[in-house]
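S.K.: Please model the complete structure; the sequences and the hints are all you need to start from.
Each chain, letter by letter, is given below.
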Amino acid sequence: MASVTGTAPALSTGASAPPERRRSNWVPYALLLPGLLWLFVFFVVPMITLFSQSLQEGSIDEGYTFTGNVGIYAEALQSYFPQLLRSIGYAASATVLALLLGYPLAYFMALKAGRWKNVLLVLVIAPFFTSFLIRTLAWQTILSDVGPVTSFARSIGLTNLLQAVGLTSNDNLMASKFAVICGLTYNFLPFMILPLYASLERLDPRLVEAAGDLYASPAQGFRFVTWPLSLPGVVAGTLLTFIPAAGDFINSKLLGNTQTVMIGQVIDAQFLRVLNYPLAAALSFVLLVLILALVMAYVRKAGTEELV
Amino acid sequence: MNDQIPPTLSVSLARGLLSRRTLMIGAAGLGVTTLAACGSKGRSPSASGGTSASAKSAQDMSASEKLVNWSNWPEYIDVDDKTQKRPTLEAFTKQTGIKVNYTEDYNDNDEFYAKVRPLLAAGNDTGRDVWCSTDWMVARLIRQGYVQKLDLANIPNHGNVEDSLKNVEFDPGRVYSLPWQSGFAGIAYNPKATGGKKVETVDQLLTDPSLKGKVTLLSEMRDSVGLVMLAMGKDITKFTDADFNAAIDEIKKAKDAGQLRGFTGNEYTKPLAAGDIAACIAWTGDVVQLQAENPSLGYVLPQTGCTLWSDNFVIPAMAKHKKNAETLINYYYDPKVMAQVVDYVNYIAPVKGSKEVLVKEDPSVAKNQLIFPDPQTLSRAHVFRGLTPAEETKYSAKWAELTAS
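Protein chains in written order, with the UniProt record's numbering: chain A, 1 to 308; chain B, 1 to 405.
One or more hints might be untrue.
To be verified - To spell it out: a stretch of chain B is covered by chain A in this simulated footprint if at least three of its residues, at any positions, have a beta carbon under 8 Å from a beta carbon of chain A; those stretches are: (1) 108-116; (2) 248-261; (3) 271-281.
Calculated from the structure, these hints are not laboratory results.
Fair warning: this is a prediction, and the values are worked out from it, not measured in the lab.
Note that the Cβ used here is the ideal one computed from N, Cα and C, for glycine as well.
M.R.: The structure is reproduced here in structure tokens:
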């Protein structure tokens with residue numbers, strides 16, 4: 001937006017004839033209009049409605065009226081603080097995991113894959129050809145208590161290890177923290193890989209060579225050249241993974257148990273089963289503000305110290 | 001099941017019955033913002049359901065548009081396994097010339113209500129002419145004036161409704177609704193996962209250490225809490241707040257102990273057959289259908305009692321093809337047609353004479369206690385009592401706190 005408005009005056013100073021100037025003035029704004037209108041109708045208005053709804057009181061039968069009941073926020077936080085915290089924790093774990101899995105893959109694709117690059121890219125995107133829901137349901141089958149994955153994990157002692165660190169509560173994999181975090185990682189992994197790939201692909205290999213010429217070890221070359229240059233991709237990837245993961249309710253519903261409920265699941269239940277719209281709206285807002293705060297803190301840290 | 005029903009049961013099926021198939025997944029597509037944008041000013045019908053608001057009707061286009069839009073639960077009608085067509089619907093179209101848009105988008109009472117309420121509250125057409133709601137939801141729809149009275153002149157077969165279902169508390173004389181199917185909620189188990197052990201009591205579900213982490217309950221409050229209250233010796237046709245809370249505590253104890261794997265809609269079927277779920281609270285028709293492929297699966301109606309519910313045809317306000325919808329209902333109230341449906345879905349038929357048809361055509365189904373229960377079986381079945389709107393809000397909030405946290 002800034003760049004579009006920024007070019008408008010530059011164009012107008014360059015033009016000499018007044019009619020032309022007028023046209024070049026409004027065209028950029030006119031082009032902006034559909035987008036702004038779209039965001040206004042589908043983002044600003046619902047946000048305001050959501051906020052006002054959170055301050056209403058009443059019931060489905062009698063209707064809701066605005067009473068400015070701020071106490072609902074205290075109630076929401078008090079009742080569902082553990083779920084909020086848990087969502088943030090799961091989303092953060094999934095983000096770290098996705099980064100650990102995605103970075104080497106993106107690196108390979110961008111710098112080493114050669115003519116296989118496009119094939120690999122399609123493979124990364126391929127899961128999107130089928131529904132999110134189906135992919136998560138497939139994990140139920142993969143991690144099934146009676147399936148081969150679980151019996152293999154049992155035979156190599158992985159289940160015992162996971163149980164010891166508290167990621168599962170018995171010698172199965174399904175219906176546990178472990179399964180939920182795996183599901184989140186899997187479902188959002190492409191969102192991590194694609195921005196990483198984009199930033200690594202732009203990386204000039206001569207810079208890494210130059211580091212080598214200056215007697216940097218490969219590790220040092222990575223640390224001081226490749227990693228800093230890929231940081232925009234890392235930041236974009238972590239945000240694109242963390243934000244949807246924190247609000248997700250499908251993975252925890254399908255792969256979790258009664259102790260792994262995430263905040264999205266609570267909001268879903270409050271909106272669709274209990275029909276307590278104010279509480280659901282308040283919870284949505286709390287989640288929104290919390291994520292916004294975390295993201296701002298993160299971007300500020302990553303952005304000022306290392307990106308520039 | 002008609003005249004054999006013991007007097008305790010012929011008490012009207014209270015409005016507080018159970019729903020089935022709580023497949024919450026369907027909610028996935030419903031964004032929070034969409035809902036937020038929905039109007040929040042509800043109507044204000046009388047609180048306790050004494051007098052109900054009357055539903056608005058639209059101009060009936062039945063004569064000019066030979067069409068009816070029916071929303072129903074998934075896997076709730078006969079399907080030809082080879083052609084994937086629905087024989088009774090096809091025959092209906094052939095017989096009457098009315099095309100049926102059959103949509104399986106009714107996954108869950110609460111979710112469906114959340115979907116159509118904004119339209120109904122604004123006095124708009126929902127795009128549907130008929131759907132099948134569970135008893136307690138029908139009670140709410142009538143109370144809020146969201147469903148229209150049936151024109152019984154268009155449903156001459158309505159007299160075939162089982163006597164026990166004729167006079168229900170929420171719709172005396174069946175003015176607004178007619179049952180589609182009924183069923184029980186009981187306990188299902190997979191002997192392969194329990195090590196051959198039978199699971200026959202609710203106590204076993206909630207406390208048996210050998211089932212730890214392999215038990216699911218239904219997210220449908222009236223089923224799960226109902227069964228637990230019955231196991232505690234309470235009468236679910238007239239329980240108190242204290243009884244309800246005691247049952248909630250009991251379930252919470254099991255949940256905190258890690259006994260429960262989750263609260264499900266009918267998505268329990270696959271894991272149960274595979275053995276991921278060792279035992280669960282389950283609906284009759286689902287398990288009878290599963291048993292066809294997994295004969296070892298066990299299903300019991302606990303000695304302490306099980307719950308009984310019906311899903312009912314209703315015609316929403318502003319429906320455009322009301323007469324066609326009534327023609328459709330009339331068609332399914334023909335015992336021969338209903339027998340064909342029940343033979344496939346394996347729930348309990350609400351239409352007199354369907355058993356007689358099946359005795360001839362499929363005696364094994366006609367003999368199945370879960371499909372055509374005898375008085376002894378029925379004496380174990382109970383109906384969750386109707387709730388006032390205030391109770392409904394209070395209880396469902398408690399239940400949601402337990403299941404979704």
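S.K.: For a quick check of understanding: which of the numbered hints are violated here, in increasing order?
M.R.: none
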